[in-house]
Amino acid sequence: MDDSVLQSRLQAVESADSAQSMIDSVEALAELKDEGAIDALIRVLGYNNPGAAVAAVEGLIQIGTPAASAVLEQIDGYNYGARAWALRVLAGIGDPRGLDLIVETAAEDFSLSVRRAAARGLGAIQWERLTAAERHDGQVKVTDTLLKVVRDDPEWVVRYGGVVGLQGVAAAAAVDGLAGVVKRVGEGLGDRASHDDVPAVRARAQWALEQLREQA
Amino acid sequence: MADSQILNDGAPQLTAEKAIANLRQTEDTGDRYYAAWWLGRFQVRAPEAIAALLEALTDEKDRDTDGGFPLRRNAARALGKLEDKSVIPALIECLDCADYYVREAAAQSLESLNAKESVDDLLKLIEGGVRGAVAVEGKPHLVQPYNAILEALGSLDDGANVPVIEPFLSHDVPQVKNAAARAMYQLTGENQYADKLVDTLRCDDLQLRRSILLDLGEIGYLPAAEAIASTLAENSIKLIALKGLLEKQIQQSKILVSDQTRKVMSLMDTLL
Numbered sequence: 000m001d002d003s004v005l006q007s008r009l010q011a012v013e014s015a016d017s018a019q020s021m022i023d024s025v026e027a028l029a030e031l032k033d034e035g036a037i038d039a040l041i042r043v044l045g046y047n048n049p050g051a052a053v054a055a056v057e058g059l060i061q062i063g064t065p066a067a068s069a070v071l072e073q074i075d076g077y078n079y080g081a082r083a084w085a086l087r088v089l090a091g092i093g094d095p096r097g098l099d100l101i102v103e104t105a106a107e108d109f110s111l112s113v114r115r116a117a118a119r120g121l122g123a124i125q126w127e128r129l130t131a132a133e134r135h136d137g138q139v140k141v142t143d144t145l146l147k148v149v150r151d152d153p154e155w156v157v158r159y160g161g162v163v164g165l166q167g168v169a170a171a172a173a174v175d176g177l178a179g180v181v182k183r184v185g186e187g188l189g190d191r192a193s194h195d196d197v198p199a200v201r202a203r204a205q206w207a208l209e210q211l212r213e214q215a
Numbered sequence: 000m001a002d003s004q005i006l007n008d009g010a011p012q013l014t015a016e017k018a019i020a021n022l023r024q025t026e027d028t029g030d031r032y033y034a035a036w037w038l039g040r041f042q043v044r045a046p047e048a049i050a051a052l053l054e055a056l057t058d059e060k061d062r063d064t065d066g067g068f069p070l071r072r073n074a075a076r077a078l079g080k081l082e083d084k085s086v087i088p089a090l091i092e093c094l095d096c097a098d099y100y101v102r103e104a105a106a107q108s109l110e111s112l113n114a115k116e117s118v119d120d121l122l123k124l125i126e127g128g129v130r131g132a133v134a135v136e137g138k139p140h141l142v143q144p145y146n147a148i149l150e151a152l153g154s155l156d157d158g159a160n161v162p163v164i165e166p167f168l169s170h171d172v173p174q175v176k177n178a179a180a181r182a183m184y185q186l187t188g189e190n191q192y193a194d195k196l197v198d199t200l201r202c203d204d205l206q207l208r209r210s211i212l213l214d215l216g217e218i219g220y221l222p223a224a225e226a227i228a229s230t231l232a233e234n235s236i237k238l239i240a241l242k243g244l245l246e247k248q249i250q251q252s253k254i255l256v257s258d259q260t261r262k263v264m265s266l267m268d269t270l271l
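Line by line, the protein sequences are chains A and B.
What the first sequence shows, in numbering that gives the first Met the number 0, is residues 0 to 215, in sequence order.
What the second sequence shows, in numbering that gives the first Met the number 0, is residues 0 to 271, in sequence order.
Any given hint could turn out to be false.
Unchecked claim - Part of the chain B face toward chain A, derived, beta carbon under 10 Å:
hint	residue
1	D157
2	N160
3	V161
4	L231
5	N234
6	I239
7	L245
8	E246
9	Q248
10	I254
11	V263
12	M264
Claimed, not checked - Chain B residues, not near chain A, derived (Cβ > 10 Å throughout):
hint	residue
13	T25
14	Y33
15	A45
16	A89
17	A132
18	V163
19	D171
20	S235
21	I249
22	V256
23	D268
24	L271
As the list claims (entries may be wrong) - Not close to chain B: a few residues of chain A, all C-beta gaps over 10 Å, as computed:
hint	residue
25	Q10
26	A39
27	A116
28	K140
To be clear, the hints were calculated from the coordinates, so they are not data collected in a lab.
All values derive from a computational prediction rather than experimental measurement.
Virtual Cβ for every residue (Gly too), placed ideally from N, Cα, C.
Same shape as in the complex, but just chain A:
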């Protein structure tokens, strides 16, 4: 990557003078997927500009692990808004170092769109970066949390995200031979497929079951 491109795009974010030019310049910066953009993109999460924050989150997710490291280092100092966006970054990357934070977010965050992103993210954790013992504990914890989310969250879209998350964790657990996790997820999904009040959630749970069966 030519460094002058990065520098000029960083500069454009610095000098953006309207909400729209901020969005455009953040999109251009995020597009580079350059680690040198991480700090600037993280700063954007605190600017109270949702369009720009969406672009920054997308960019940070694309950068992956180094972005997750930076977010994890700084997250304690964030205000609520920035923290919500940062959790979306962690959920999108699936960095196992953020597992406890993502679990807590899926179960307890105030904002339904943040719970939704966290619940979905729990299905896409990079399990291969953990030892077998850590994977086992992590997958049990994720399963416990998501089974509760899909049963108890009052928002359909969070339950829908939780169903997608459960499908992901069961697929990972099946590879590791964790039959207990796979069985519990199957039962939880079966319950949602027949009993959720919302047809969209029932359909997604049914589809998750069918996909897991095909993989088995």
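Given the structure of chain A, go ahead and fit chain B onto it with the hints provided.
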């Protein structure tokens, strides 16, 4: 809803009994206004609640500086949420109210209550056709709540009034045009009308894109799935729209997982 149902978001906490009492008293207009909203929000279907809301529809005490009737608006909205068809005649009378927003709320509630007997009264409001559908001077709205009326007709009419609705497709105000397209699609089932909505998803106005997304969700127009997913708007709204498509499909086919529903769910998964 149980009497103990409380709202805990910083707003005053109420119970059904307290809300009914607040609506019946006439001293504090703020309490009455809030109580009317609350009874609708928490779907309190007790006969006392309905009676108090019906009474509020003819309230004269709560007036705003424009001569409008704020309490009547909230009462008309609330009555649309209680699934009690006995209130339909009273809502039809509200269509003659001098307050534009009361007429709008009444039209929306008549639609929610599936009040097919209100079609003739709704049609009366748009008798002047497109030519008569002009702005009120000094107000941010037209002479009638055309969006609400056209939307209601789209749900309630049996297709007999298509010739009355069709001309509104060429109205200058985008929201009116869209409401007409949505109604025409509902009444004729022809894709050309829903496709007009899909085309408008590319417009520059975010508010308008959001409202079309919700329209497409409500009519459950399956061919719009990809266009919805790629519209520039919040994922939460796109998910609501796609849920509408998915559930319409499920309702029609009685099958949860099919090629069509899988396609919609795949798109939804990318927006979580």
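Structure-based check of each hint:
Interface hint at D157 of chain B: violated, since its Cβ lies 27 Å from the closest Cβ of chain A, which is beyond the 10 Å cut-off. This hint is violated: N160 of chain B has a C-beta 31 Å from the nearest C-beta of chain A, more than the 10 Å allowed. The interface hint given for V161 of chain B is broken, as the beta carbon of that residue sits about 30 Å from the closest beta carbon of chain A, more than 10 Å. Interface hint status for L231 of chain B: upheld, as the beta-carbon distance to the closest one in chain A is roughly 9 Å, under 10 Å.
Taking 10 Å as the C-beta contact cut-off toward chain A, the hint placing N234 of chain B at the interface holds, the least distance being around 7 Å. Given hint, I239 of chain B at the interface with chain A, holds; its Cβ is 8 Å from that chain's nearest Cβ, closer than 10 Å. Interface restraint check: L245 of chain B against chain A, minimum CB-CB distance 5 Å, threshold 10 Å, status holds. Against a cut-off of 10 Å between C-beta atoms, the interface hint on E246 of chain B holds, since the closest Cβ of chain A lies about 5 Å away.
The beta carbon of Q248 of chain B is positioned within 10 Å of a beta carbon in chain A (closest approach about 9 Å), and the interface hint is therefore held. The criterion of a C-beta within 10 Å of any C-beta in chain A is met by I254 of chain B, whose closest approach is roughly 9 Å, and the hint holds. Hint status for V263 of chain B: holds, given a least beta-carbon distance of 9 Å to chain A, under 10 Å. Because the smallest distance between the Cβ of M264 of chain B and any Cβ of chain A comes to about 6 Å, under 10 Å, the interface hint for this residue holds.
Residue placement check: T25 of chain B keeps its beta carbon more than 10 Å from all beta carbons of chain A (closest about 36 Å). At roughly 23 Å, the least C-beta separation between Y33 of chain B and chain A is larger than 10 Å, which holds for a residue marked as non-interface. The Cβ of A45 of chain B lies farther than 10 Å from every Cβ of chain A, with a closest approach of about 23 Å, so its non-interface assignment holds. The claim that A89 of chain B lies off the interface holds: its Cβ sits roughly 31 Å from the closest Cβ of chain A, which is beyond the 10 Å cut-off.
Its beta-carbon lying about 33 Å from the closest one in chain A, A132 of chain B satisfies the requirement of being farther than 10 Å from that chain. Taking the minimum C-beta to C-beta distance to chain A, about 34 Å, the non-interface status of V163 of chain B holds against the 10 Å cut. A cut-off of 10 Å between C-beta atoms confirms that D171 of chain B is not in contact with chain A; the least separation is 26 Å. Not every C-beta of chain A lies more than 10 Å from that of S235 of chain B, the closest at about 5 Å, which undercuts listing it as non-interface.
The Cβ of I249 of chain B sits about 5 Å from the closest Cβ of chain A, inside the 10 Å cut-off, so the non-interface label is violated. Once the 10 Å rule is applied to beta carbons, V256 of chain B is inconsistent with being away from chain A; the minimum gap is 5 Å. For D268 of chain B, the requirement that its beta carbon stay farther than 10 Å from each beta carbon of chain A is not met, with the minimum near 6 Å. With a closest Cβ-Cβ approach of about 4 Å to chain A, L271 of chain B is found to fall inside the 10 Å limit, against its non-interface label.
Residue-level check passed: Q10 of chain A sits 26 Å from the nearest beta carbon of chain B, beyond 10 Å. With 10 Å as the threshold on Cβ separation, the claim that A39 of chain A sits away from chain B holds: the shortest Cβ distance comes to roughly 23 Å. Residue placement check: A116 of chain A does not keep its beta carbon more than 10 Å from all beta carbons of chain B (closest about 7 Å). At roughly 20 Å, the least C-beta separation between K140 of chain A and chain B is larger than 10 Å, which holds for a residue marked as non-interface.
Of the hints listed earlier, those the structure fails to meet are numbers 1, 2, 3, 20, 21, 22, 23, 24 and 27, in rising order.
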